[in-house]
Amino acid sequence: MSYRSNIKQAQGLGSAKEGVGHWWLQRVTAVALVPLMLWLAFGIARYSGAGYEATVAWVSNPTTTVLWVLALGMLFWHAKLGLQVVIEDYVHDEKAKFASLIAMKFITVLLAAIAILAVLRVALGS
Amino acid sequence: MQTDNRPLSPHLQVYKPQLTMVMSISHRISGVVLSVGSLILVWWLSALAAGPESFATANAVVGSFIGKVFMFLFTFALFYHLCNGIRHLAWDTGRGFDLDSVYKSGKLVLIAAAVLTVLVWVVGLSTGGA
Numbered sequence: 014m015s016y017r018s019n020i021k022q023a024q025g026l027g028s029a030k031e032g033v034g035h036w037w038l039q040r041v042t043a044v045a046l047v048p049l050m051l052w053l054a055f056g057i058a059r060y061s062g063a064g065y066e067a068t069v070a071w072v073s074n075p076t077t078t079v080l081w082v083l084a085l086g087m088l089f090w091h092a093k094l095g096l097q098v099v100i101e102d103y104v105h106d107e108k109a110k111f112a113s114l115i116a117m118k119f120i121t122v123l124l125a126a127i128a129i130l131a132v133l134r135v136a137l138g139s
Numbered sequence: 008m009q010t011d012n013r014p015l016s017p018h019l020q021v022y023k024p025q026l027t028m029v030m031s032i033s034h035r036i037s038g039v040v041l042s043v044g045s046l047i048l049v050w051w052l053s054a055l056a057a058g059p060e061s062f063a064t065a066n067a068v069v070g071s072f073i074g075k076v077f078m079f080l081f082t083f084a085l086f087y088h089l090c091n092g093i094r095h096l097a098w099d100t101g102r103g104f105d106l107d108s109v110y111k112s113g114k115l116v117l118i119a120a121a122v123l124t125v126l127v128w129v130v131g132l133s134t135g136g137a
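Those protein sequences? They're chains A and B, same order as listed.
Each residue of the first sequence is one higher than the one before, counting from 14 in the numbering used here.
Each residue of the second sequence is one higher than the one before, counting from 8 in the numbering used here.
It is worth saying that the hints were derived from the structure and are not from the lab.
Cβ coordinates follow ideal geometry from the N, Cα and C atoms, glycine included.
Incorrect hints may appear among the rest.
[Said to hold, decoys possible] Looking from chain A toward chain B, a few residues come up when the C-beta cut is under 8 angstroms (computed):
hint	residue
1	VAL47
2	ALA58
3	ALA112
4	LEU124
[What the hints assert, rightly or not] Coverage of chain B stretches by chain A, computed from C-beta distances (three or more under 8 angstroms per stretch; other residues unrestricted):
hint	region
5	16-24
6	36-44
7	122-134
[Said to hold, decoys possible] Here chain A is said to cover these stretches of chain B; the calculated rule only asks that three of the stretch's residues, wherever they fall, bring their Cβ under 8 angstroms from a Cβ of chain A:
hint	region
8	47-56
9	59-65
10	77-91
Could you build the full structure based on these sequences and the hints that come with them?
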């Protein structure tokens, strides 16, 4: 006899395995990225010829630092969610799918960490 | 049971490319391109954090002719994905699915992405940048 309720045995076993969580986060990060990426693209364009000192001054402005960190966090989160769907759609071999999903997740988190650390190093002047 | 020689149902290649299907797959392709392109952003930020010399090197690479071509394409990929993403968000509310709206919003996305790309490059080039 099982002490697990019927709903507990069924949860997580559908084809999607996790309900709308992934789909919803893809939308939430997308909404956040609309203003953040517009700001970032025009910001980088404005400072593209400004030189080292001016770029450092821009990135270390507290508002700019926060927006940079948010933009990078959202960007890599959104990229992870999107690349996950692409891999799930096109990689059919279970082992290759598993390996590429893990690798992709490690790489996106690694890139996010490197990028955010770089921004903080510039902002904190070390 | 013999299944090898059955006729297959028509697949993508039998259709003439249409705006809707091309824009659909382009959304995914631009997303993957931008993910790979984020490597340049990470590299550029690391160069900035490392100091003036490495930043000058990074800017020289990005500002070279080939660098500029790549950055221009990335800019368009970014704004295409951004604008078409807004189109997707609008669809998520259940609106704009009739044929006329789908084509209108598709053309609007292409125009908006092109305008934003040009605007960013006008800003970039007018401030003397790469």
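Hint numbers contradicted by this structure: When the structure is compared with the hints, numbers 3 and 5 turn out to be violated.
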